Amino acid sequence: MTTTDPATRKVASYDIYYTQILNPDASINGELPAFARDPQQLRAMYALMVQTRLFDKKAVALQRTGQLGTFAAALGQEAIGVAIGHALKQDDVFIPAYREYGAQFARGVPMSDILLYWGGDERGMDYPQGTAAYHDFPLSVPISTHVPHAIGVAYATQMQDRKAGREARVVLASCGDGATSKGDFYEAVSSAKVWNLPIIFLVNNNQWAISMRSSRQTGAQTFAQKGLAGGINGEQVDGNDIIAMRLVLERAIQRARNGEGPSLIEAITYRLHDHTTADDARRYRPEEEVQAAWERCPIKRYKAWLEAQGHWTAADEETLISEGTASVEAAAQAFRNVTPEPPEAIFDHLYATLPKSMQWQRDEVAARGPVKGGH
Amino acid sequence: MTTTDPATRKVASYDIYYTQILNPDASINGELPAFARDPQQLRAMYALMVQTRLFDKKAVALQRTGQLGTFAAALGQEAIGVAIGHALKQDDVFIPAYREYGAQFARGVPMSDILLYWGGDERGMDYPQGTAAYHDFPLSVPISTHVPHAIGVAYATQMQDRKAGREARVVLASCGDGATSKGDFYEAVSSAKVWNLPIIFLVNNNQWAISMRSSRQTGAQTFAQKGLAGGINGEQVDGNDIIAMRLVLERAIQRARNGEGPSLIEAITYRLHDHTTADDARRYRPEEEVQAAWERCPIKRYKAWLEAQGHWTAADEETLISEGTASVEAAAQAFRNVTPEPPEAIFDHLYATLPKSMQWQRDEVAARGPVKGGH
Amino acid sequence: MPNITLIEAINLALHSEMQRDESVVVLGEDIGRNGGVFRATLGLLDTYGEERVIDTPLAETLVAAMAIGLSTQGVKAVAEIQFSGFLYPCVDQVVNHAARYRNRTRGRLSCPMVIRAPNSGGIHAPEHHSESLETTFAHMPGIRVVAPSSPSRAYGLLLAAIRDPDPVIFLEPTRLYRLFKQPVEDNGEALELDVCYIDREGSDITLVSWGAMMHDTRLAADQLAEEGISAEVIDLATLKPLDMATILQSVAKTGRCVLVSESPRAGGWASEVAANLAEHGLLTLFAPVMRVAGYDTIMPLAKMERVYIPDVERILKEVRKVFEIAPK
Amino acid sequence: MPNITLIEAINLALHSEMQRDESVVVLGEDIGRNGGVFRATLGLLDTYGEERVIDTPLAETLVAAMAIGLSTQGVKAVAEIQFSGFLYPCVDQVVNHAARYRNRTRGRLSCPMVIRAPNSGGIHAPEHHSESLETTFAHMPGIRVVAPSSPSRAYGLLLAAIRDPDPVIFLEPTRLYRLFKQPVEDNGEALELDVCYIDREGSDITLVSWGAMMHDTRLAADQLAEEGISAEVIDLATLKPLDMATILQSVAKTGRCVLVSESPRAGGWASEVAANLAEHGLLTLFAPVMRVAGYDTIMPLAKMERVYIPDVERILKEVRKVFEIAPK
Ligand SMILES: Cc1ncc(C[n+]2csc(CCOP(=O)(O)OP(=O)(O)O)c2C)c(N)n1
Ligand SMILES: Cc1ncc(C[n+]2csc(CCOP(=O)(O)OP(=O)(O)O)c2C)c(N)n1
Ligand SMILES: [Mg+2]
Ligand SMILES: [Mg+2]
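Each protein sequence line maps, in turn, to chains A, B, C and D.
Residue 1461 in the working numbering sits at position 65 of the first sequence, and the numbers go up by one each step.
Residue 1513 in the working numbering sits at position 117 of the second sequence, and the numbers go up by one each step.
Residue 350 in the working numbering sits at position 44 of the third sequence, and the numbers go up by one each step.
Residue 452 in the working numbering sits at position 146 of the fourth sequence, and the numbers go up by one each step.
The reader is advised that the hints may include incorrect statements.
What the hints assert, rightly or not - Heads up, simulated DSS-like pairs for lysine-lysine below, C-alpha to C-alpha not over 30 Å straight-line:
no., chain 1, residue 1, chain 2, residue 2
1, A, 1768, D, 609
2, A, 1768, D, 559
3, D, 623, B, 1752
4, B, 1485, B, 1406
5, A, 1752, D, 487
6, A, 1768, A, 1752
7, C, 627, B, 1768
8, A, 1752, D, 627
9, A, 1752, D, 559
10, C, 559, B, 1752
11, C, 559, B, 1768
12, A, 1768, D, 627
13, C, 623, B, 1768
14, B, 1699, A, 1406
15, A, 1406, B, 1696
16, C, 559, A, 1752
17, A, 1699, B, 1752
18, A, 1696, B, 1406
19, A, 1406, B, 1406
20, D, 559, C, 627
21, A, 1768, D, 623
Read the hints as simulated data drawn from the structure, not as lab findings.
Source: prediction; values computed, not measured.
Here chain A stands alone, though its shape is the one from the complex (with noise of 0.2 Å):
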């Protein structure tokens, strides 16, 4: 088809951009945003990816040693969940997929709620109150389930936010690669522009769905384009990149905050973890890929540039460690002391209130007391 053509005209034209600031080899492209030349903010920042890692790790320890029940790692993702931490704002509604612990510890997670969900504990998801978590979403299992949540809660904040004449909270969704191809994700995406809503998509694509390579779950050459679908902006940027990943991020929550609608953001990442502990990605993936993919690590090059601006010292990385693995050993011991809840805490968030039909079934269980394979 050429334009050429007198019967044929071009209706609409559509670009995909991709950004990356900070290089796996610690150069950076074009000019630095201005978080970027805060040292607090770079370094909290490092901070929080660290511990990620930290955190990543010893719940994979957990796990491995039977204290802990199935876990996604982040290992290799950290940029994205720090800089959704960092970007959105305390009033802001964050309803993740599960690998984005660094932006739910920023809004005030504890580690030992996540551990707790892990470990098969509903107590997990209940997040503290006064922090932001209090009013996010807890993990979501159902691949992609979760996002057309956000058409909802946007539709509702902005309903709420225009008629108190006070700012507009943004709603950010993640989820993966694999997760676009739910028509969940689609449903969500197609009719968020219809009300101009307040919201983020961010598409964690760290080229795998358990064993599926990103580019067996779609014809589309990258997942931005998806947003195409729902006139949605979509755009690229280097998940691995903390520096490009938050501007690209904040840009587009600027975006949403001033009534500009909807976003899709697709994050380039590498899984370099299994999919779960309960996977073995030796099956399926070369361990060559996995070792490349190493070189272009969020930290890493990171640290490196961090460390040639004079922002971090080793000095900074031995006090980081010490304190971000007592934290981590911390959230591991307070987790291991939970008291367990008793059995009939199973009917107790049912409903508001349990239904008088079903209360014989409580009391069956509460005069049973507690079962052998349980905790």
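Chain A is fixed; fit chains B, C and D with the ligands onto it per the hints.
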């Protein structure tokens, strides 16, 4: 965002094209395709368009007089069905929505079957053996949910055709503008190119989904671009222009047959009738809009052009109307004359063989005989 | 007190509650300018505006998911699905999310939302427009399933459903929408959820039904009364959670029970009632518990829908079997 | 005869039937190179190639819809859904399409397809990985629901399911996957569908179960045997259509019945069996029909899953109630 930012580069670009050959004023853009220089084909297409409209009118009349249930008219969208009917080959597979009667007639569905269907008789979906339609799918009322069947069908035909070393069969799934909002549509579009399947997704954009304007379905500027979400070539065509409609369709079909994969075609048309006979469109759309749409009627412009070309005369028209009317009347009569199924027929195609444990239910129904309010 | 149809009662309840509670919004396909395909939402757009009367794209999963999102933010979402046959794309969202947010966050988030849909057949509608979905939802923990059977119950139960702090699937009997009228006062008074309603008292047999089949059940009871048989008629009203106490009490009195439902027999909600009778009522029963239900077939197209849907004749047939085994 | 686990029996049946019938393909998420998250499809890719072993995108509605499309073309699709909790997005496709094509086209098109999924809990899996879906599907007309409870039944029933000309939902008991082994001969012989299997004969009480709970039911019967109570144990195997004849015959003999299921009690498939007993077995029953079932709660996360899942203790408790009311 600009490409002058050194941190940002363009990684993909997409254009959406619109094709129109026969304008509403019966003038022509560009060159005519081969089929449009063959009077016989031109006349056949015209006859089928008129036949569809005559059928439509009769069906509405039958409904208004209590002889038919709810009916969905194709009024104003005849070019789409007729183009499909002419563009597909015998062994291709058609998976329709419910407004493509022209295509169904061309493929051998008797008009009386469509009446049976809307008259509430399953036998209206048992298309006759020996016709192209025998391997086609029946109408789909649950919007969009039939579209992903195309993935399985095309996967199967591709596998079988390759093995047999024969020309690829093509699968065409059609749906409305409203239907593109559903996840089912997207899961098909997103995945079709993964296997490079010979599928045409045809979106009948008739501007309305019951009372919802197409602009209220999605933030996307075109429905064609929804193909980009699956890396699929998407384009627009004037769905009221039978020549462009067939040309664009045949090109896409040829690409699919050649192994160049799926396409998405947005056919822009207008629903001149109420949504169905159960609807009253005056509640929600201005009469002037409908009047204006009549000016773009696909039959009107085509007839004018055919006449101007000397391919059609008043005598031709008279014969067509009288023969067409007679065949429609005959179909209505055949529909009225159909012997009712016995009540126990509701069990007879539920399974290949009725499970033994269900036999008593069939016996009960058979023993009772016809029920008041049935038929 | 105006004499109104069931669909008018639904409309009245929506108007009434939107007026009273600013946090209530309605959403769904064609519910705005068009007022819904059955006119349940007529006039809401003009009165409460586009922000609270949300015409959605054609996407049922989205409608359910949007209601979930809204309700977690304190916006009480009342979603309409055009026909219950199109509720299936909501199943995942309801069971995996709406039903769970309260429990999985130990009370931090919750989903005070309603999904309304016309349910069951009998109006000669097209394919897929006459399905009975109650059991699919009633089996899910964490939600309520409510099915009104008259204008006044529709009004009172819908108010209750909207005010309920947990998700409610509200299934309206399509063929009763305009079948009869009742005086309904717009007094803003909700009816109690989680209880069955004794429609009429009786001593010889207990007839249990809900939704559209209540109509035929009442007619069957009329017929039985003429024959000197006193039937107690119970309207489940709330299917989940199920108030078996009322039914057991009735069966303890009558010793006989026939259950009437339109959904397919196998695994239908009538089976749940019967199972409870087999457990808790066995010793008070004089006769087998009979279920009059839709056959285990696909709901037929219009021409045969009456073959499928139970009617007075089929109800009476089972009742007579009961009295044959256990004469009065 | 090799001694194999249930998951190995599934794998064996798939290999066996793909070898025998070229028209069989398998599809699903991670079923190719990875061999499925439970390794049910291990080795199929290497043996039968990419064309017949189809790794799909992450989209369950698509998987079901694709199976439908394939099966209408004479390709027998055996789809895997990774965990039954992710079957919900298939519900619409199964009930509105797979179950109907034969009926609505009066036999012209049909869907000889299988959807396999690991079902029920007990392996300390993450959230949403331990659900019991059988009843949601068994209520649907036009399909079959099959649930094996041992390696040999898994092998024979899966062959039968693949050969069946209509859609089959095949729910595999996750926690039995590797719990015990049985000698299974790869003889290509399918077991009969649509019938219950009498696992062991007995005279005092009938215990009915299916899937994973069969294991605990067998253990309970062992315990009862030690106490001198002879339990007849019935494995439903095919839940839909339900072979009540076998159960009724058993209950006619024993006069007592306890039903054991893991899915939530309200509206579970045990209720369907009990309802049939209340109708057809009432006069032969000495005691109430008890259901031991999952509670009407959300399936708890791992720490509490054993509180939810019935076990031998809970089974025996209900059995004892029965014998209290109707002593031997
Ligand atoms: C609806 C659903 N289907 C399948 C699964 C099983 N599953 C868990 S994670 C996963 C892959 C997800 O891939 P992606 O979206 O790329 O996220 P990632 O794990 O790579 O971060 C699958 C298939 C699930 N949890 N939910
Ligand atoms: C899943 C589903 N939801 C809702 C409906 C009710 N309904 C029937 S047609 C229709 C509008 C369809 O619009 P579109 O896809 O544009 O097709 P058109 O009727 O305009 O040809 C709706 C909402 C349905 N049939 N199926
Ligand atoms: Mg991924
Ligand atoms: Mg339309």
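Right, here's what the structure says about each hint:
Annotation: proposed proximity of residue 1768(A) to residue 609(D) holds, straight-line Cα distance about 11 Å (limit 30 Å). Simply put, residue 1768(A) and residue 559(D) have alpha-carbon atoms about 35 Å apart, too far for the 30 Å limit, and the pair is violated. For the hint pairing residue 623(D) with residue 1752(B), the CA-to-CA distance comes to about 35 Å; that exceeds 30 Å, so the pair is violated. Of the supplied pair hints, the one linking residue 1485(B) and residue 1406(B) is violated, its CA atoms being roughly 41 Å apart against a limit of 30 Å.
Distance check on the hinted pair: residue 1752(A) and residue 487(D) sit about 44 Å apart at the alpha-carbon level, beyond 30 Å; violated. For the hint pairing residue 1768(A) with residue 1752(A), the CA-to-CA distance comes to about 28 Å; that is within 30 Å, so the pair holds. Taking the CA atoms of residue 627(C) and residue 1768(B), the gap is about 22 Å. The hint holds against a cut of 30 Å. The straight-line distance between the Cα atoms of residue 1752(A) and residue 627(D) is roughly 23 Å, inside the 30 Å bound, and the hint therefore holds.
Using a Cα cut-off of 30 Å, the hinted pair residue 1752(A) and residue 559(D) is violated, with the two alpha carbons roughly 37 Å apart. The straight-line distance between the Cα atoms of residue 559(C) and residue 1752(B) is roughly 37 Å, outside the 30 Å bound, and the hint therefore fails. For a cut-off of 30 Å, the pair hint linking residue 559(C) to residue 1768(B) is broken: about 35 Å separates their Cα positions. With a C-alpha separation of about 22 Å, the suggested pairing of residue 1768(A) with residue 627(D) holds against the 30 Å cut-off.
For the proposed pair residue 623(C) and residue 1768(B), the alpha carbon gap of about 16 Å is at most 30 Å, so the pair holds. At roughly 28 Å between alpha-carbon atoms, residue 1699(B) and residue 1406(A) fall within 30 Å of each other, so this suggested pair holds. Of the pairs offered as hints, the one joining residue 1406(A) and residue 1696(B) holds, with about 27 Å between alpha carbons and a cut-off of 30 Å not exceeded. Under the criterion of a C-alpha separation no larger than 30 Å, the hint pairing residue 559(C) with residue 1752(A) is consistent with the structure, at around 22 Å.
At most 30 Å may separate the alpha-carbon atoms for a hinted pair to count; residue 1699(A) and residue 1752(B) exceed this at roughly 72 Å. About 27 Å separates the Cα atoms of residue 1696(A) and residue 1406(B), which keeps this hinted pair within 30 Å; it holds. Of the pairs offered as hints, the one joining residue 1406(A) and residue 1406(B) holds, with about 20 Å between alpha carbons and a cut-off of 30 Å not exceeded. A distance of roughly 24 Å separates the Cα atoms of residue 559(D) and residue 627(C); the hinted pair therefore holds under the 30 Å criterion.
Among the hinted pairs, residue 1768(A) with residue 623(D) is consistent with the structure: their alpha-carbon atoms are about 16 Å apart, no more than 30 Å.
The structure does not agree with the numbered hints 2, 3, 4, 5, 9, 10, 11, 17 stated previously, though it agrees with the rest.
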